[in-house]
Structures are given as C-alpha cells and as structure tokens.
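Given chain A, put chain B in place with the hints provided.
2 protein chains.
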Amino acid sequence: MKKRVSRRRFIASAAVSIVPSVLASAQPKGAGLLSFLSEAQQASKFSTNWKDAGVIDLSNSRYAKLKTVPVRAVVIEDGFWSQRRKINLTSSIPSMQKELVDHGRMDNFLRLTGKSTQPQKGPVFSDSDIYKWTEAVGFQLQNGDQPELRKMTDAMIRDVVAIQEPSGYLNTYYNEDRKPLRMQYDTQTTGHELYCIGHMLQGAIAYYRATGDPTLMNAGMRFVDDFLIPNYGPGPNQKGIVSGHPEIEIALIELSRTTGNPKYIELAGYILHGDSRIPLKPQQIVYMYCGIPFPQRTKLEGHAVRCMYACCGATDYYLETGDQAYWKTLNVLWDDLNAHQLYVNGGVGARAAGEAFGDAYELPNAQAYGESCAAIGNMMWNWRMLAASGDAKFTDVIERALYNGINSGMSLDGTTYCYRNPLAFDPSGESRDRHLVDGRIRNAWYDTTCCPPNLERTFASLSGYFYSTSADGVYVHLYDNSEMNWHLQDGSALKIQQKTNYPWNGDVKISVSPATPSEFTVYVRIPGWSVSNSIKVNGKEFPGAKPGKYLAIKRRWAANDTVDLNFDMTTHLLKANPAVTEDRGRVAFQRGPIVFCMEHLDQKDHAPGVSMADYTVRLDGTTATKYEPTLLDGVMTLSHPGTISKVADPGLYFPVENAAKPVVTPTTLTLIPYYAWANREPASMQVWIPYRDA
Amino acid sequence: MKKRVSRRRFIASAAVSIVPSVLASAQPKGAGLLSFLSEAQQASKFSTNWKDAGVIDLSNSRYAKLKTVPVRAVVIEDGFWSQRRKINLTSSIPSMQKELVDHGRMDNFLRLTGKSTQPQKGPVFSDSDIYKWTEAVGFQLQNGDQPELRKMTDAMIRDVVAIQEPSGYLNTYYNEDRKPLRMQYDTQTTGHELYCIGHMLQGAIAYYRATGDPTLMNAGMRFVDDFLIPNYGPGPNQKGIVSGHPEIEIALIELSRTTGNPKYIELAGYILHGDSRIPLKPQQIVYMYCGIPFPQRTKLEGHAVRCMYACCGATDYYLETGDQAYWKTLNVLWDDLNAHQLYVNGGVGARAAGEAFGDAYELPNAQAYGESCAAIGNMMWNWRMLAASGDAKFTDVIERALYNGINSGMSLDGTTYCYRNPLAFDPSGESRDRHLVDGRIRNAWYDTTCCPPNLERTFASLSGYFYSTSADGVYVHLYDNSEMNWHLQDGSALKIQQKTNYPWNGDVKISVSPATPSEFTVYVRIPGWSVSNSIKVNGKEFPGAKPGKYLAIKRRWAANDTVDLNFDMTTHLLKANPAVTEDRGRVAFQRGPIVFCMEHLDQKDHAPGVSMADYTVRLDGTTATKYEPTLLDGVMTLSHPGTISKVADPGLYFPVENAAKPVVTPTTLTLIPYYAWANREPASMQVWIPYRDA
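Line order of the protein sequences matches chains A and B.
The letter at position 390 of the first sequence is residue 376 when you use the numbering used here, and the numbering goes up by one with no holes.
The letter at position 267 of the second sequence is residue 253 when you use the numbering used here, and the numbering goes up by one with no holes.
Same shape as in the complex, but just chain A (with noise of 0.2 Å):
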C-alpha cells in the first residue's frame, strides 16, 4: 500500500485536477512474471480482440473523441499511395532485412546464445533497428499474410527472446565487459536500454495484432514485469527512472491497451513526470525532452524525435487519463510547432547539431535536419492530438508531413533513405555532411540506422491512418482509391470506397454503405489548403464546408449513398513569415498536399554557369500544370515564369555601388514534388525560390 500511495502522490502532483479514473478504479497488480494471455483474460476492461486494434489501440481510451479503424480494415487500392505500398513490401523491407543482417544487428543477439562469433556491431540503438523493421513487417502482415516474410520473422524473433535473461533484461549491446553499466544513470540518459525495449514492445504489439502470436511481447513484458517495475520507480528500494530517448512512455501505453493492465500506464506516467532523484543538467533536460514534469514544458526543444516521441507518449497519456495539464500543455506545444517550427514539408528538427529543434523562426533550407523520424514523430503526435480532438488542424499537418517530409525520406525504388530532409541542396559542397556518402543524401544503409524502418512501418500502416470512428459516426481523413469494411461504434457494419485521383486532382468520389440502412454523421475532411470547395451528397450540393475543418454530414445513410467532394487544386506560391531569416524574399509552390520544389536538371537553362541562385520566379506569372506518367514514377509537374539572373562573380562582399546590374534572361521554371527530389543524379534542389534579385 505504501507503494502505491507514492505513486499516487506523483499523478497528484503531476494532473492539476483530476485523478485519473482508469488509475482509481484499477489496483495494479503487483510485479511477477506474466503470462500474456492469463493476464489479457484477468483484466477487467480488456475487450479487444487482437485483429480489431488499429494502428494505436484506441478502443477503450476514456478521452479518445476517435477511435482507431484496424489497418486490415482498409485496402489501399491502385492509386497514388500503392507504388510506394508495393516497394515498401517488395523491396524495401526485404533489402532493409539484408542490410540489418549484413551489418551484424542479428549478430548481436546470435553472439550471446553462442551461434554466432561476431564481435557485437553498431551503436547503443542497434537492438531498435531490428525492432523498428519487425514492427514494419507486423504492420505489412495486418494487410495481408505473407507466408516467407512471416516465417522469416518468426525465426528472428526466437533468435532475438532466446537472449533474455533469467531476470527479464534484453539488451544485446549491455552484455558481457559492458554489463556493470546497465540501467546505471549515465546509461539510463545515453545508452537507449528502455528506446530499445520501447521499440521491442511497438514491434511486438504490431506482430502480435497481425499474427496472434506474443512471443517477442511476452518478453517485452517480461522485461518490464519482472526486470523493470520491480526494480525502478518511485518507491523507496527502486532506483531512478528516466527514459533518455522518450519512446518506453509511448510502447508502455500502447502495452496497457493491449493487455487492459492500466500498471503500464501507470509507469508511463512516472517516466514522463520524470523522477528528481537522477541528477540532469539543464542542457540534457532541454535535450533529452525527459526527466521533468511533462506539464512544464512550454515550447518544443531539445533533439526533435526526442522531442516528437515525447509528445506522443504524453499525449497517449493524455487519451488514457484525462489529464487536463497534458491537454493544456501539449496544446501549448501544438502552437509552438504550427507558429514556429514547422517546416512547409512537415519536418521538423532545424538543427544538425543535436539533432534539434532551433528558436522560434528558426527554419533554414539546406542546413535544415528535417530527419526522417522527426516527421514521422510528427505525424504521430499529430495522429494521437487528432484523436483527442477531432479536429483537422491536426490532420493537416499529417498530411503535409506524410505527402512531402515523410515520403521524401524514401527513395522511390524503395531501397535508399534519406536521413536528413532538407529544403536546399548542393551536392557539390555536401561532402561535409556526415550523412552523405559520396554527394547523394540517399543511402542503403547508415550506422544509426532508426529512418530507414521507421519509414518501412508508416507506410506499412498507412490504411489505419484513413479513417476513425466516433460516437455519432465515421471521420474521413485522407483519401485515395480505397475500400473500408468496419463498422460503426454501434457494431453495425459499414462499407466505405473512395475513387479519386488525389492528389493529382481534386474530386473525390466517396460510396458510404451501411449494411442496413441507418443514421449517423460522415465527418468528411476539408484540407487546410482547400480554399474553395464543392461537396455534393447524392447529386446535390451539401452546404457548409470550410477549409481546415471537418464538414459533418448527418443523415440517414443507405447503400450506395454517394459524396462527391471537390477540392480547390489551385496552386499557391507561399510566403512565410518574416521572421523566417532565409525565407525572405522566396516563395513555396503548393498545390493540394503536395509541395513541389526545383530540381537543377530540370531546368531547360542549367547550361554551365547558371546555379540555383541566379534563379527567380515571376510572381505575375500563371502557374501552369501536367502530369507526366514517366517521370519519377508518374508526378504532376509544374511551370511557371521565371528570370536568370547573371553577375559576374562580385566576390564575398562588395560596396552596394559596386553592384554590377545583372544580365536577366527571362526562362520557365520547372517543379517536381518535393517529395520525389533526389531520385535521379545528384541535383541542385530549392524548394523556396527567390522573386527577386539578391
């Protein structure tokens, strides 16, 4: 008892005002070696059956306004997302298994149970890499059973269990001369032990809700019953916990949605309240974005996955508890990111050094980290804010970050991953960036390998971000050719197809069929970007639709019902705020989702002698479209006037009266997706373009 008074005296401390009713109501079990599915059957409130989880478990979360819709629930049908779909599962996953095996992350495990005699390989992390790809293939298997990629897993997985020890620890990089170290609170903030079982815990709940099978999950609870919960926490013969790379708070939720145990939570919570007893300096708490009451932070800082996972596992807090200091907090941290942090891809993180989020404002181009994971982060924390609310500013930060910042980081072939996402390249001078191997940003494989899967399982479970249920209905959040067959929070069934060429074109044909006859609201997205719309509910026009927001339609809905939205595909050259330094002077080009950017080899006038900084564009001139089904996998490109503008070089600095006029030649300027950069010879890329003369 005296244990669980010390805890509650942090969630006291921690939420302003409520305790939590799941906490109250709930006794936590006392640690002890479970067995998955004794456990699953003794919790009270676990009711779901592993094939009905979505990407997130979302089914009993008390402050979940949606709820999730499983990944097989929805099929992607032929369309924009089903190339990159195809690749992901046929080349990407495969050649990334390879690369994982190549550069020793199964070595590893194999060493320590003696069938292998590989020195152990990789950095701290190395144990999440194949974590991350095992959650890919879990993801890929709730689309549909693939009998060798199942089987192949499955034999990884053995491998990676048969490692854990009598007392539940896992770790294959703190072992042998390294052992004295572990969970020591220099390692707690640096060595990624609990990231590591993080991620083991997502990649087992992924594999467990397409398979069935808790193997690797039971040892993930096994690390956290018997080596973790007894061990470390609030109480007076445990030590200090802290989570150094936030990504245990969010397996740990996502394990109490899984198993109905609401103690997983409960340690979330102390891991995010952080526990004063390990000492930190200011700048690790800044960097780390751990170790302090979550409620205290008031702007995004610190290394950006860091920072993005944080928000998640808070957030997942937050749909768990009800807790308002969350609520508010990570509100707090929504507008820091929509106001100053977010780049126009939807990557976040402007700093190399650290790996970090900079000030406010602070968006540079080429020098922009933008990394992979900080977006996917991003669009995590953006789907579980979205969940929590109902509201489509979050959604269109999903789909900013998904269309252009997420599916830059893979190469359209599926084997080659940016790291770094920035906004303006030169290849000539970025053989300083560590993370370019000879002048091309894209690579098969780097030491810190964490992008790579990540992109692997967002796209694995693209289908479960598509819809949510609520009380009252069904929200349709993004759209492209596919077929949902689920059913309203009622348990009646309901079928919905969507026929579109989004986001090429902005019509999108939506079939609403319930299997009997009923009413309920279809909360159908209007994106941010979407100025002027048509929505048209069996032939007739359906009034109120307002960018950025959801449009209801509340009715009796029949088979067949049909809602035809039309988007406003106008392309709009962006400005951003002033205070962006580089920005000034330069527009974006968007049009729909889809952020668009020059690539150097398309310009008719790359001749020799003309870089991207003699470019301008016209901001009088009309923007001119086409689809072009060969180049780069199929893209809209786009044209629009522009002027070369030519000096001999003046040097560095020069008196303004110096100045020579320039030599203007007027040209078309050529745009492809951002999203597709980077996919042929390395190129001189911008994505923000100059109107006028330095």
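Hints are computed from structural coordinates only; laboratory data are not their basis.
The reader is advised that the hints may include incorrect statements.
As a list, the in silico DSSO-like pairs of lysine-lysine whose alpha-carbon atoms are at most 30 Å apart [to be verified]:
hint	chain 1	residue 1	chain 2	residue 2
1	A	K379	B	K225
2	B	K379	A	K165
3	A	K165	A	K72
4	A	K495	A	K51
5	B	K379	A	K647
6	B	K267	A	K107
7	A	K84	A	K101
8	A	K107	B	K225
Residues from chain B that keep clear of chain A, each with C-beta distances beyond 10 Å, as calculated [claimed, not checked]:
hint	residue
9	S397
10	T434
11	V642
A virtual CB, placed ideally from N, CA and C, is assigned to each residue, including glycine.
Chain B only, in chain A's frame:
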C-alpha cells in the same frame, strides 16, 4: 641511419620538388634528455637572443620574406587598443587565473603530487587552459615586468613541471585509471594529449621570451625528446602519430626556431604529412583536418579551429622548408577562405555541429558559430601567410578579424567572453544554445574555456603584429598610437612613431627616425577598404597608393622624417555574394576596419512589438557618424535612414496573395561597432540589415 632514411622518404613524398636545405644540412640528434641551454648552444643555426624574438620568431626562417619585430620593441600608447590591453592586464588575466583555479585546473596538477585531494576536473584538454593562460602572461611580461604576476606564474609553472614522469610524459587527464589510454590511437584522435603539449610549448616559449626562464620549456622538450620522438614516428619500432587537434605542429616549429634544432620541424612535417598507420574514417580526416598529407587538401572544412591551426602549422612548415607543395595548397585554401568562408567580421566556422566550416557560401548569421578561437586562428594563419609573402591581402584579413570577430570575444570590462560570435542574435530564443547562460552570450567561465585565454594571449601580444622588417626595410601593418624601437635587418637602429585616432579617423602621422640617415624602404599598408588615399612624405604627396597593397616608400630616411597617411573613412554599405542565402536583400555597414551592427536597445523605436525583423535600411540614405566618448568605452556610432514595417502576424506560411500590406514608418537606424555588442543588457542584434520588406 635506417630511421633517417625512413624520415627522408616521407619528406620526399610530401614535398614535390625540393629537399629542404634546413633538413638536409642538419643532422638530428638521437633522442635523449636534453639540457635546454646546451642544446641551444650546440645547434649550429641558433643565433636568436630570447629578447629579440617576436610573436613567432622568423629570424632564421629562410622562406620568411618578412621578419617579426619583438613584442617589447613596440609600445602601444593611449588610443584604440590601450584600454583593451590595460583591461587585459588588470582584469582579464587575473580574473581568468582565479577562474582556472576555482574550477580545479591547477588542482588537476596538484593532485598528482599529493598537494590536493580534489578529483580530476574538466574535459580532456583542461591542461591547455593553464598553458594558454601562461602564454598570455608570457606576452604580457614581454610588454614590461609585472613582478606579482610573474611570481604567481613561476609558482604555477613549478607545480606543472612537478608532475612530469621520468619517461617525460606530462598530462593530468590520462593518469590514474586512464593511464592505459595514453596515446592509444583512439586517444590520439580525441584525447588532446599533443594539443596540450603544443599549448604548453607555446606558453613556455612566450614565457621564456619574456623572462629567459626555460623551466616550462625544458619540461615540454623533455616530453618531446624523451617520450614522443623515441616512441612515435615513422620507424618500425615507433607507433603511429596523429595530432587529432592540430596545434603541436605550430609548437614544434616554434620550438625549433627557439632551440635551433631542426628535428622538431621534421617531426612537425611528419605529423602534417599524416601517418597512414592510424586508422581514420573519412569524416575524422575532414573533422580533425589532419591525418592525410596536408598538400592533398583542397578546401577548408571540418572543425574550424583545428583547420586554422593546421593551416598555421603548415605555413610555419613552409616558412622553414620552402616546400612548394605546401605553399600552393595554402594559397588554394586561402582563396577558399576569401571567396567562400570568411564572415564579414573576420570570423570563420559556420556550423555549430562539429564547430565546423560549412559549404561554400554557407554563412548563416544567428547560427554562425564564429568561435573566438577560430577567428584568432584565422589571424594567426594570415600573419604567417603575410610573413611568407608580404602581400597586404593577408593583412586585410588580420585587421578584419582583429577589430571585429576577435575583439568582440572579450567584454569591454575584460571579465566575460563570447565563445560564439554570431552576426545576429535574439536573446529570447537562445536558451537552446549550450554556450548561453541565462540568455547571456558573454560568460566568465565555460567548461571548455579555450577562448578566454586565447583572447588574452592575442591582446597581450598585439604590439608584435604592428611591424615587420624585410631585407630592404620595414613594413607598417597596423595603425595606432605607438612607438617602435627596433632595427633594420642590417642592425641599424630605427624608431617609428605613430600618432592617430585610427580607426575612428583616417589620418595617421608617422615619424621615421633611423639612428643614422640611410636609404631603405618603408612599406605602409593601404587598407583594402580605403578607396581613395592621400600619402605625404615630409608634407609632399607621394603617389602610387593602391587599396589592399603596401605602398613602398623608398628613399633616404633621416631622423623625424614624416609620412602622413589619409585613409578614406567613407561608410560602406556592403552586400554579400547572392549565393550567401541569409544575406540576400541585406547590407552590412563598415567604416574603416570597423564592422557595425544594430543593437535593439539603441533604436529609438524599440517599442514593444517592434522586432529586429521589422527594420529595413534605406539604400538611398546618407550615413551620419558621431563619436560618443562615454558610450561603450568610447565608440563611433552611425545613424542611417530606415523604416519600420509592421504587419499583423501572418502565421508561419500563407499564400502570397494574402500578404497584408505593411504599415511603414520612417525611422533612423543607430549602429554601434560590432565588437562592442552585448555589453549592456541582453538585446537583439543584427549585422546584416534588410533593405526591403520581406
């Protein structure tokens, strides 16, 4: 002999065409404990009286066109630099000594002789803090004795040398548990052992040149002679060597100049050549700027201080050996500096990540790293390039760095320091910067405290940078009230006096007084920024002055001959090359050598709601100047017409057609010298000011 051949082989491969005569003619002695004095006496080339050596001693440097003049030979009188140098002596040097002691930098030594029980403190390079401070003292004492300071320093030196081991090894960090790590290849790349010894030797030499006391120098020589040379080098029984952080190269060559023993040049050359037995990753070769033959470099890259120190060492090597491959490379690198990498304040190093050079033209303002040490390294390098060539383009860089990006590094009161020297600043956002404490960019102490003593040694040695001698006369590099008492290279005494209000005023009155009338050339530097010039000799116009060149005044000089210089102090509004993204649409103000900046608290309109991003400068305006004797220890301020453009916050991104027309208010912009920024309460600052709206 076998070893000798092996050394010659590497020299032949590094030098394309010549076997340096200094190396060919002098047989290096075998390693062994050297008594400094006997070594000095034995060395055939040794001829320098310690009192006659300059900042570096080029007396016997065969490829030095210019020879240095001793620090003690030039007295800087009341004027621009006198206050700074007085503060350096009375405030900076003593307060830094206290900081060093308070932060355990002396305890690190005392612990090893049982005089302290404190644990090791500070990073791996902490010993160098003491040595660089000692170098500052050495230069200070060359300006005139300070008995208390000398007594304190003598005692510190005794505590330092007391820890030297019989092997010659001397380092406080790689001791006790860390002994096994000494000089391991991983330690050589990151552990700064040779960096510390390099600074020890530089400090020791400056102290020797001040006092004649070789105590510290003997300890440094023992490290090199007994520990380093016998164990590390090209021989089959020697281990590989890499400097990791270049610095030892400069020190070894100066040691050779001081002792006359060429073996130190040989070792420096071997290190500059790189030792292929050390396994290095490509990114280490970039970052450390060592490990491959220096002449293979084609651009400045990697850690800026490492790179600048490597260039210093390589230039020193050229000055001694005449190796044309080095000279060619050094000029290629200087062109890279001048065309792509030099900040307008003379700073270098664009990136916080790796404290590194960026791509060509990558010169961000708020995010500029511009470490004080890097600007000093830039000045040191250009000083050596100047000595090799007599070309005033190098002096222009020295002056730009000295008056601006170096001078900014120390607060006006001499007790706080900038680590970074950015060209724009917003204190509200800067808590994210690890070098900022409480929003203040100047701090008394950094755990990496390289910059403060580096600034102190620079100001203490400043008088040594004013003049050089050449075979045919004397060069005047810098201008301030001063008196030189030295001699021409033929030994005939020469006094030169300067009277001026430079840099606030462009008039400099020079009197040239040889002891006996004789014909020689006085080379007066015409600064590159001085477009129109008037030079009078004994009141009569002397033609031929060209900006950025030395004007050779060859004549028969007699006592009290005068040269009147009148430089062009027009304020210039500078533009940057259009490829410098952040400077597009902006200008910087420069008047004489001084670069100016806007600090927000000087703007009469800095009402709440007006931010730096709202100001624009009118290019058609005229700049007014005003000397303000009580502001910031006496500065010239500039006033220039500008505007304030206010719009309601448009959000982060918005369609160009939605841009609101700003409300424009005329104003007058006030600028102060950049070096004096951040000496009042924290305020926004910018060097590059927009000349049009966003």
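Hint check:
no.: 1; hint: A:K379 / B:K225; in the structure: violated (63 Å)
no.: 2; hint: B:K379 / A:K165; in the structure: violated (59 Å)
no.: 3; hint: A:K165 / A:K72; in the structure: violated (42 Å)
no.: 4; hint: A:K495 / A:K51; in the structure: holds (26 Å)
no.: 5; hint: B:K379 / A:K647; in the structure: holds (27 Å)
no.: 6; hint: B:K267 / A:K107; in the structure: holds (16 Å)
no.: 7; hint: A:K84 / A:K101; in the structure: holds (18 Å)
no.: 8; hint: A:K107 / B:K225; in the structure: holds (27 Å)
no.: 9; hint: S397; in the structure: holds (23 Å)
no.: 10; hint: T434; in the structure: holds (13 Å)
no.: 11; hint: V642; in the structure: violated (5 Å)
Violated hints, listed in ascending order, are 1, 2, 3, 11; each of the other numbered hints is respected by the structure.
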